[in-house]
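Asks: Here is how the chains run, residue by residue.
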Amino acid sequence: MLATMGLITGTAAGGAALAAAPGAEALAGAGGVAGVSVSAHGAPLAVLAIALLPLLGAALCALTAPLRLGGKLPAWITVGGLAAAFGLTVLMHSGVSGLAAGEALVAHGYEWIAFQSGAGPGDRFVAPFGFYLDSLTSLWMLFVTGLGCLIALYASEYMEHDVGLGYARFFVAFNLFVFSMACLVMADNLLLLFLGWEGVGLCSYLLIGYFYKKPEAVAAAKKAFIVNRVGDFGLLLGILTIFGVFGTVEYAALFPKLAAGRDALGEPLAAWVGWVVPLLLVCGAFGKSAQLFFYVWLPDAMEGPTPVSALIHAATMVTAGVYLIARMFPAFTLDEQQWVLGLVAASGAVTALWSATIAMAQHDIKRIMGYSTISQLGYMFAGLGVLTTTGAAFHVFTHAFFKATLFLCCGAVMHGFAGQLDLRRLSGVWWVKGWGIIGAAMLVGCLNLAGFPFTAGFFSKDTILAQAFVTPGAAWVGWVLLLTAGLTAYYTFRVFFRVFVGPVEYHPGQDDHGHQGDDGHAHSSQHGHAGGHGHASGQFHPHAPRWAINSVVGALAVLSIAAAATYFVYPQEHGWVGKMVGHSTAAFAAPGEHHSGAHADPHSDAHSTDLRSNGAAHAAALGTFLGFDPHAVMYYVSALVGAVGIGVAYLLHGAGRRTAATAGADGLLRNPLVALVHRGAHRKWYVDEVYHALITLPLWVLGHVLHLVDRLLVDGLVNAVGAAPKLTGGRLRVQQSGVLNGYAVAMAGGIALVVLLVVFMTN
Amino acid sequence: MAQALAAAALGQGAFPEPVSGVTLYHYLFVSAALFALGVIGFVTRRNLIIMFLCTELMFQAAGLALIAFSRYHLHHTGSAFVIFVLTVAAAEAAMALALVVLLFRRRQTLDGTQWRQLRG
Amino acid sequence: MLLWLILIPLIGAGLVPVVAKPYVRTVAYAATAGPLALALYILGSYSFAAGAPEALTRVARWAPDLGLTLRLSMDGVSAALVALTAFLGPLCVLGSKTAVTERVRTFYGWFLVLQAAMTGVFLARDVVLFYVFFEFTLVPMFILIALFGSANRRAASVKFFLYTFTGSVLSLAGLLSLAWYHAAVLPPGSTPNAGTWSLALSDLALAGRAMPANLQGWVFLALMAGFAVKVPLFPLHTWLPLAHTEAPTVGSVVLAGVLLKLGTYAIYTLVIPLVPDAAVAFAPAVGVLSVLGILAAGLMCWVQTDVKRLVAYSSVAHLGFCMLGMFAFNRSGLQGSLLYMINHGLSTPALFFCIGMIYERYHTRSMDELGGLGSRMPAWSSFMVFFTMASVGLPGLNGFVGEFLTVKGAFEAGALPGHDGPRGGMTGGVLGPWFAAWAVAGMIVAAVYLLYMLGRVVWGTYHAPSEHGGPHAAPHSASHGQAHGHGHGHGPDEPAGGAHTGLPTDLSGREVRVLVPLAALCLLLGVYPAPLLNMFADSVDTTASLMQGALRRAEQVRPEAPEAGAAAQPQSAGAGDGAAGSGAEVDAGEGEGVEGRR
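Protein chains in written order, with the numbering used here: chain V, 1 to 763; chain L, 1001 to 1120; chain G, 2001 to 2598.
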């Protein structure tokens, strides 16, 4: 292992010392526009281990099932493997961070799919199993493996009810997920990215459907996979189009062409490429990241075990869409108008607001977190759309920590209170003995999500908000996001005030989530609860989280505070994340970003000379926030909005609450108008019903109709053809009298006829 | 009918000396008459044995024609063929009569119309 | 050596009726393992990178008067398909151990004959020999379905036989008309053997390419009549769900695994090389039918309640991809299509094995009666999920590679706006991005119906029919197993409960041994398809260059489409004599064939 470490850092440093490859420079120069120059150097194969360790873990976990290796062995395998992967990632990061902007390392494994795809000698389709390492990759991989490791540790305790086959199944899928995510993020070509993309979809399917005896879980899993597939439709077509135009799917060859705006033959791109390709890619990103029209699967995905919700459906997988857009950002800026980015911004803003309204009216705290994830993803997309890839990536980064914290706290509550998630049936959890760490961590998470000043969430959200006001034409996005920020603060603290503080009161859940699976009764015996977690609330004792859950939640809470610090480390490059993004293909200095008073510096200006001409043109007409520089005032504005949200939540749900079920907000619902809106939001604005009526049902009916047509018309024709000889034969059979003499007559007559014919014909 | 055909094919008086006066036509006429009798018998009668005898009659008619032609052409293929036919006919007669006996045992009658299982 | 591939199963089939009953299965193992060993030896020791190795070509006189020869050869494509056939053989014998307990001799005898016939199809290089083997697969399959199938086996077997037979008689007519053209119409000397009666594939290919376009069209239709039924191409598929549903497990496995590939293989080796110009002319129609098949069959899958029928319909959809890729005529499409044949030949048989295993236990295939097996049979469920994912086309498993390449081929076989002609990744052709888009939509549908199946069979709460078989009779209750035994009711049904099968609740070791090789290959070909791609490369290269020539000819003959013509003008003008040449070509007529301009 030590040798490997040295290898990685050493070679990376060597790679960094090299200048950008001359070929790439030449191409960029020929393009006439100075994009981000891209070059790639070889990287040690040891980085492949970052992906292969989880894969090995999956195989080992799978082996424990037939070998009947009981206990928590799968969990320890997973934690160990992911810790090693995280270690390697840190080393990789230290290697990659030495690279100059636009440089990348390529670790070439083997040629996964490769063949001669055309007549010419160079017409080869190659999709290697290889990794493309730059700072964007490294940023994502750090939190994927890091959080993966922590959450696996959490899950070792959370999933203990299912020790046995279910435990192994969980960790197999968990490992497989990290493997797929690693492929997605580190892939050096779009096809391997697609492998990871579908792979995380599969793991998501398997893990959402983990409690497979619950019909809702099965349906949710199916929905997630299928909705994602609809998105993948666009992604796959996008990949095909990219290959069709550029003749390659490998980043190392693709990015120079994108930067130069040249196709495979070196000719300028057709105009449609600039919007068709991004649009197709966005379709995939929307599916995976649960944006507008595609988001319906994510709330239902909360049927899965909570560690899964935290890792997959909050921190990592759902940000894959953001990653895709950030990775392929050069394709999004091909077009002068960049209207696809406008679409991304608009849909991000609308999604953020839309799901925030739904979150306000839910009672299931995990679903609230699910909708809040969609809403925050909307922020990230809006960030991408208003050209601040840095803001989007920063929000991804901070969100990963604080949302994981929030989910894991909810999970701890669910675990301890026998699946109770209804905020009307829980209250004052923080004050229950043994729940101190969870309560405190929840507060940290909520403050982050609400954008409370000086939390990580505050800074990342501000970056996006401010940029939305700066980017011309996107001010409405900013206003929508600002409104959403207030709503977010409200629904976040609604949960906090109702569940974690206030009078202590709790009712156990109906849903004994731990009793699924193969040794269902392990739970009651293990904890010595007579009768398990039945409905007898009188005897119910919540079991407080033990060391694994507490330590992980505590660590995440600390990390989500610490994430704020990264904002200050490289001030000239908008923080650590900004530096990471700025050095990758996602680099795109948003218009006016260097105007930011606090961080204005010569380097940033120099950076902006690399801007595309359109970016520079926009810089002349930057937007403002009510006449102020948005970057300067946004801190105060959003802090104010957040505080208002928290205050309202306190008034409605915290102040003077006596029981778990009632709160000050109940009075508001007596107003018929509020009640109507509340019911609409509570029923998720009937989107599922509309989808069912507009898409599922017609297709299902069409299936039946086609089946009928197939059986009656198509097969009917076939049968008719088959029946024709039968009918003819039926008519002709009467000729056969069965009398010997009759046959003789016919035969003699026949012969006579033939002879006559011959005679007449020959004469 | 057969005569007409033969006439068309043969032309005039090519028959060898020793049997002068009796031409090919005579033989063919006898053959045709025999054949016609066989056909008529086969079609009109119901008795299986009679019907079988009628088929034998037709066989012999064909044999006669073959021999006549064989002699006419001074070529022995026809004669040889007839010997084959006779042999086969003998074997076949044995089998056919055995079958008729079996059929008779089933229905106690020789009426051919009793066997109409193949009616469509 | 090639002959032994066919002879070993045949010898086995000859031995099966005479050996003592306990040894029947041993003989069957030996007779299927022999070809497998041989196939592996061939794969290991020969390289197919440069076409069929000389050592793997065998020509013997058969009936010289009729122009018939015993011409066997093996290139990369047939090697892979022969290997697939040989690979499935022992698995079928192993997998049918408990399912077939009565009339074992009949079953294995005919099964071995089937193996031999299928292998023969892939090796034949003489069209009549090909046709003989092709038709001869029908007889054993007919018997396997008719004697060992389930309730409705009689109708299924008759329909299977008559439908495919009717089609292939027309194919024979097409082949013979080519032979006639080669012998009687082609002026001697225009091709090496013109004017002589030959049935060799290589001779007929030259004859077909020299045919006038309209005649080629008729020959194409005649050939497709037989082969498209076998594939089956969309509206000609109705025999397949019936046959699959009623066939015994091994029958379905072989049917899906190899028999359907006979159709696509025949189209690849006979139709496309023999009448390339007609193939180009009809490609849009075939493309539309393929896409329709992908979508319509997919939607039909979704409303099935019989799980075996669902998988059968999914075969129709999958083979649609195969046909789409093939008629893209470019390297991606052809590679994908060939790969798809192999991949479908692994994942779908595996699904049929899985379904067969639960059918042996519960004697039902209805998803209404049976479900939630995940809790009862975890090992089985793991395999089921795995193979379903392979079938869905999950990247990393085998299905994806073929699916992606076929779709890629279809996408590239067209033009992008502003990118006329072959350019970048585009190869030009008669399909295009829209075909690809609809096919990709079909991948969504595939996810819908396969996950629907998983959701009902694997997930959910466990429910199964009562232990004693209900209306479904035991599939091979041989006491009255004759086809007509059906007429007079079932009489006293033997209890068909799982208890009597002697099978464990979850998979037995034997069943795991059946599925593990399939799973391993699915995974291997998913992450490392290179060996197959390399094996196909030479054959694909030949076909693709032939078809690109045909496409160019078609482009020149076709009255120019307004915008395409305008776009093409500047390019061909640059070539100077190219423009003049194209005019001359049109006048010279369609029959000129392989002139190789450019």
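Bear in mind the hints are in silico, worked out from the structure with no lab data behind them. On a predicted model such as this, the values are computed, not experimentally measured, just so you know. Built from N, CA and C at the ideal position, the CB exists for glycine as well. A few of these clues could be false.
Across the chosen pairs, the derived CB separations fall in these ranges [as the list claims (entries may be wrong)]:
1) V:L732 x L:I1083: 23 to 29 Å
2) L:A1033 x V:F760: 21 to 27 Å
3) V:V754 x L:H1076: 43 to 49 Å
4) L:T1077 x G:G2189: 44 to 50 Å
5) V:R124 x G:A2155: 46 to 52 Å
List time: in silico SDA-like cross-link candidates among lysine to any residue, alpha-carbon distance up to 20 Å [said to hold, decoys possible]:
6) V:K726 x G:V2385
7) V:K214 x V:L265
8) V:K726 x G:L2162
9) V:K214 x G:T2461
10) V:K214 x G:V2385
11) V:K214 x G:S2375
12) V:K213 x G:Y2462
Asks: Taking the hints in turn, state whether each one holds.
Replies: Structure-based check of all given hints:
1. Between V:L732 and L:I1083 the CB atoms are about 41 Å apart, so this pair departs from the stated range of 23 to 29 Å.
2. The supplied range of 21 to 27 Å is met by L:A1033 and V:F760, whose beta-carbon atoms lie about 24 Å from each other.
3. Between V:V754 and L:H1076 the beta carbon distance is about 30 Å. The supplied range of 43 to 49 Å is therefore violated.
4. At about 45 Å, the beta-carbon gap between L:T1077 and G:G2189 stays in the expected band of 44 to 50 Å.
5. Look at V:R124 against G:A2155: about 51 Å separates their beta carbons, and that is inside 46 to 52 Å.
6. A distance of roughly 45 Å separates the Cα atoms of V:K726 and G:V2385; the hinted pair therefore is violated under the 20 Å criterion.
7. A distance of roughly 55 Å separates the Cα atoms of V:K214 and V:L265; the hinted pair therefore is violated under the 20 Å criterion.
8. A distance of roughly 13 Å separates the Cα atoms of V:K726 and G:L2162; the hinted pair therefore holds under the 20 Å criterion.
9. Taking the CA atoms of V:K214 and G:T2461, the gap is about 8 Å. The hint holds against a cut of 20 Å.
10. About 18 Å separates the Cα atoms of V:K214 and G:V2385, which keeps this hinted pair within 20 Å; it holds.
11. For a cut-off of 20 Å, the pair hint linking V:K214 to G:S2375 stands: about 12 Å separates their Cα positions.
12. Restraint check: the Cα-Cα separation between V:K213 and G:Y2462 comes to about 8 Å, which is no more than 20 Å; the hinted pair holds.
The structure does not agree with the numbered hints 1, 3, 6 and 7 stated previously, though it agrees with the rest.
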